[in-house]
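A.B. asks: Please build the complete structure, drawing on both the sequences and the hints.
Residue numbers (our numbering), protein chains in the order written: chain A, 1 to 740; chain B, 1 to 224.
You may find that some hints are simply not true.
Stated by the list, open to error - Derived Cβ-Cβ restraints for the label pairs, each shown as a range:
#, chain 1, residue 1, chain 2, residue 2, range
1, A, S133, B, R31, 19 to 25 angstroms
2, B, C211, A, P109, 36 to 42 angstroms
3, A, G701, B, S32, 39 to 45 angstroms
Quick caveat, the hints were computed from the structure, so don't treat them as lab data.
All C-beta atoms in this analysis are idealised placements derived from N, C-alpha and C, irrespective of residue type, glycine included.
What follows is each chain in one-letter form.
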Amino acid sequence: MNQSLSRRQFLKLTGAGAAAVLSGGLTAFSPIAAPAAAAEENGSLYGVCDLCGMGCAFIAQLRYGRIVSLSGNPKDQIAEGKLCVKGYSGVRQVYDPDRLKYPMKRTNPQKGVGVDPGWIKISWDEAIGLVASNLKQARDTNGPQSILFVGRPSSWTKHFTQAIGTPNHVTHVNTCYSTHDVVWQAMVTGTGRSWTTDYEHSRYILAFGWNGMGNSKNHWARAVGRALVNGAKLVVFDPRLSITAAKADEWIPIKPGTDLAVLLAMIRTIINEELYDHDFVGQYTAGFDELKASVQEYTPEWASSISEVPADTIVRIAREFARTKPAVVASHKRDAGGPNYANSWRTSQCFVTLNSLVGSLDRPGGPMLDHKPKLPDLPDLWKVPKYPDSVKGPRVDGLEQFPVAGASRGSFSTLAEGILSQKPNPIKAAVFWKHNVLSFPNPPRLVDALKTIPFIAVSDIMPTEIVQLADVVLPENSYFEGGGIVVREYHAMYPQVALKEALPTLYDTKGFVPVILAILKKMGLNDYVPEGMDPGKLVDAQIKSLGTSAAEIKGNGGVWGTATEHTPATVFGTPSKKVELYATLLKDKGYDPLPRWAPPQATVSDEYPYHLLIWRKAWERMTQTSNDPVLAEFYPENHVTVHRQTAAKLGLQADGYAWVESPSGNKIRVKVEVTEGIRPDCVAVDHGFGHWSSALSVAYGKGGNDGDLTPNHTVAQQRELGCPAVATMWEDVAVKVYKA
Amino acid sequence: MESMAWERKAEDWRWLAALRGLARGFAYPDRSWMMTLLDGQWPALLAEVLEPLGVSVEGILRAVEGLPASEDEALRVLQIEYTYLFINAVPHLPAPPYASAYVGQGWLMGEPAEAAMRAYLQAGLALAEDYRDLPDHLSVGLEFLAWLGEQAADAAKAGDEPRSRTILAQQQAFLRDQIRPWLPTFCRRVEEAARISFYRELAGLAESLLCPKPALADQLAGGK
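C.D. replies: Written out as structure tokens, the structure is:
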């Protein structure tokens with residue numbers, strides 16, 4: 001009270017003189033030489049969408065520094081002048097009021113669902129200092145292996161983790177495409193998968209759980225559409241009538257997780273009936289005889305008994321597929337060959353095998369090998385000391401126990417148990433970069449695990465669930481605010497790069513790379529950040545290596561590279577330099593070198609009588625779009641889709657609510673959608689909902705998170721399942737459904 | 001009538017200083033500003049402007065008195081509350097201090113941000129290079145209003161009455177078109193969500209000054 005009195009007394013003494021403290025001067029402004037009387041400040045910039053991996057190049061129109069419209073860049077071979085509904089929504093993420101704006105630290109030591117972190121804005125210096133001191137303390141006290149980094153693999157993030165000396169760089173790929181990656185590595189490239197498929201020129205497109213026309217990929221919807229207009233046949237095996245299935249000539253509602261059986265029988269049919277491309281198989285493949293011998297047991301009748309697809313349908317489609325040229329088995333990420341089932345990697349083996357048998361691999365109308373320019377990378381510009389040997393040590397996700405999976409891939413499936421078991425060592429500090437807990441299987445378990453980590457820093461754009469658990473928040477630029485070039489990858493029929501011009505950064509956000517370099521420096525690891533190490537310089541060197549300049553690319557409509565005629569590959573990246581139908585790499589590492597039948601992991605039971613299917617709306621990109629008010633108005637919450645008969649049996653009404661519960665120990669409450677377009681023994685939940693971060697004011701509390709239903713795994717469980725790609729097995733789950 | 005009143009007050013150094021004071025109050029709290037709060041300079045200024053107009057400053061005085069005795073702790077309390085109300089918050093961001101959040105479609109950098117940029121450029125100002133926030137932030141809008149008033153006063157002192165009037169018209173238009181349409185909603189949200197009384201009282205004062213009820217407008221017109 002004395003203090004209060006003194007303040008009032010002081011107030012009386014100061015009187016009008018106080019005004020001097022607060023008058024005059026400019027803080028937020030600076031004068032300009034010539035007032036722009038009513039001048040329009042219009043402009044445009046080239047950019048590349050980052051809402052999905054397709055990366056469509058765009059042109060943004062600006063007025064007074066504000067993005068007022070977007071259009072696809074017509075010179076980009078992916079965008080072809082058009083964006084998808086997600087792409088157009090990207091502007092609203094940049095301008096979302098909920099966006100992370102300034103570095104912050106939490107003042108409430110308690111962490112958990114619904115706990116207010118008590119954020120306080122801090123400077124970048126303080127934020128970087130806090131992250132560096134906590135990482136350094138963990139490193140000095142418990143060794144570099146006590147530090148966890150979760151984020152996408154790039155040269156910069158690898159450099160960050162390796163300079164620190166931690167082996168624990170955990171990426172999302174085993175939730176996304178690790179099975180395809182491992183199989184392509186073993187059978188085709190020696191490195192990893194390619195992303196381009198020439199659907200437009202295909203005459204027969206065969207899909208297993210692939211929903212490229214409905215998922216999100218703008219280019220593929222157009223390319224498959226053009227193929228159909230040109231008379232191509234599209235056949236879709238899927239337990240659910242997806243958008244792609246709805247556009248298909250045939251939809252075959254196969255039993256979930258049994259695509260492998262059908263594929264094996266198709267391979268057998270094509271081989272035994274001599275329908276394969278003898279030239280391609282003879283010249284460019286190895287292991288045909290072994291393959292032929294191994295598939296003899298997989299008769300169409302046998303496959304029918306497993307998949308519930310009629311045997312004559314299997315045979316007919318196999319014949320059509322082999323006789324129609326060019327033909328392709330479509331694949332991308334979370335299709336039947338993606339990391340959805342314990343046997344998905346074998347399914348992916350069959351995809352490559354079938355494409356090879358019909359001779360479409362890297363041929364027009366088929367899956368293409370990469371056409372990417374070779375660009376300089378970090379080691380070409382900067383010499384750094386050898387990384388510590390600890391980077392090769394045992395990992396918290398146990399990935400080193402999966403010799404083909406590759407250290408740069410990571411396992412979301414095993415991370416939680418690794419942290420909780422403190423094996424091989426406790427995790428004392430973590431940095432998360434744009435990976436949210438809802439992207440993991442069984443997120444509640446991961447949250448329990450993360451609460452045991454004394455310090456967590458998170459770099460992100462939106463206040464997602466992982467941000468709620470952060471001790472320090474590092475607000476990141478949006479993709480509009482970062483410059484550079486982006487190599488065309490998802491549809492690269494010829495080498496092309498697209499220019500990214502940076503919109504002036506909003507608030508006090510930063511790109512992640514400068515931040516991690518500053519953290520390394522602050523940790524005293526200066527040798528790993530040599531003078532001049534800067535992401536902008538790498539971009540400059542990459543542009544220079546193309547023999548061009550940013551100005552020239554801009555003058556060329558925002559792209560570099562001109563269409564060239566395709567030269568089909570005759571040499572492949574495997575040990576034999578051929579497409580290895582018998583994959584020696586897999587054999588050497590103790591895995592089946594040939595595709596063989598193995599069942600999915602989950603079986604339905606009286607307690608859990610339904611197969612879980614997970615899918616994605618075309619306008620949904622997980623956390624990045626779920627807080628968009630326009631998309632939310634369009635589709636406010638997700639659904640559990642059930643067959644009409646199933647709904648009747650369970651007493652479920654359309655637009656009522658149901659619980660979906662799985663052996664993960666979790667259940668979600670979601671709105672019911674009733675349809676004829678799904679097998680009666682399946683229920684489908686669409687992804688991107690169930691946010692519990694209330695700081696996402698639009699997305700919060702809407703729908704349920706499908707990932708809650710997928711169990712996580714221990715390393716031992718994964719080893720027993722024997723998938724070389726450590727698949728997350730999103731859909732290899734049986735569930736129960738009941739009225740809410 | 002009201003327009004005349006605001007034009008007359010717009011050159012008043014106390015009024016302009018009060019605008020400066022509010023602009024600073026809605027910017028992120030730092031130690032130097034907080035010291036003007038704690039040592040009474042900032043509340044004194046508001047009192048000097050508002051008390052003759054019959055606007056009570058008791059609330060904000062009590063709010064300042066209610067801050068923790070320790071300077072460090074007082075700053076921490078203000079910064080946590082500012083972050084919560086205006087930057088990022090759990091459970092929800094209660095009151096984003098941007099016109100675009102209230103006028104238009106709800107996302108930021110909307111038409112109001114563009115209109116603000118246009119007004120700044122027309123007045124011969126650009127946002128400073130080290131200014132990190134959006135053009136339609138309340139704090140920057142209030143600083144702009146104050147600066148315009150100061151420019152008008154300078155022009156009047158120099159005998160350039162036409163220029164003074166032109167600037168005052170710009171100021172009046174900015175207040176009418178860029179601040180008043182959303183300020184009451186913003187202030188309601190602050191008043192409802194604030195966990196310490198300082199920002200609740202600050203919002204109340206902002207509304208009193210910038211969106212006066214007719215009776216206050218009359219007083220302002222009379223200058224009494």
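A.B. asks: So the hint says 19 to 25 angstroms: do the beta-carbon atoms of S133 of chain A and R31 of chain B match that?
C.D. replies: holds (23 angstroms)
A.B. asks: Do G701 of chain A and S32 of chain B keep their Cβ atoms within the hinted range of 39 to 45 angstroms?
C.D. replies: holds (41 angstroms)
A.B. asks: Between C211 of chain B and P109 of chain A, does the C-beta distance stay in 36 to 42 angstroms?
C.D. replies: About 41 angstroms separates the Cβ atoms of C211 of chain B and P109 of chain A, which means 36 to 42 angstroms holds.
Taken one by one, the earlier hints all hold for this structure without exception.
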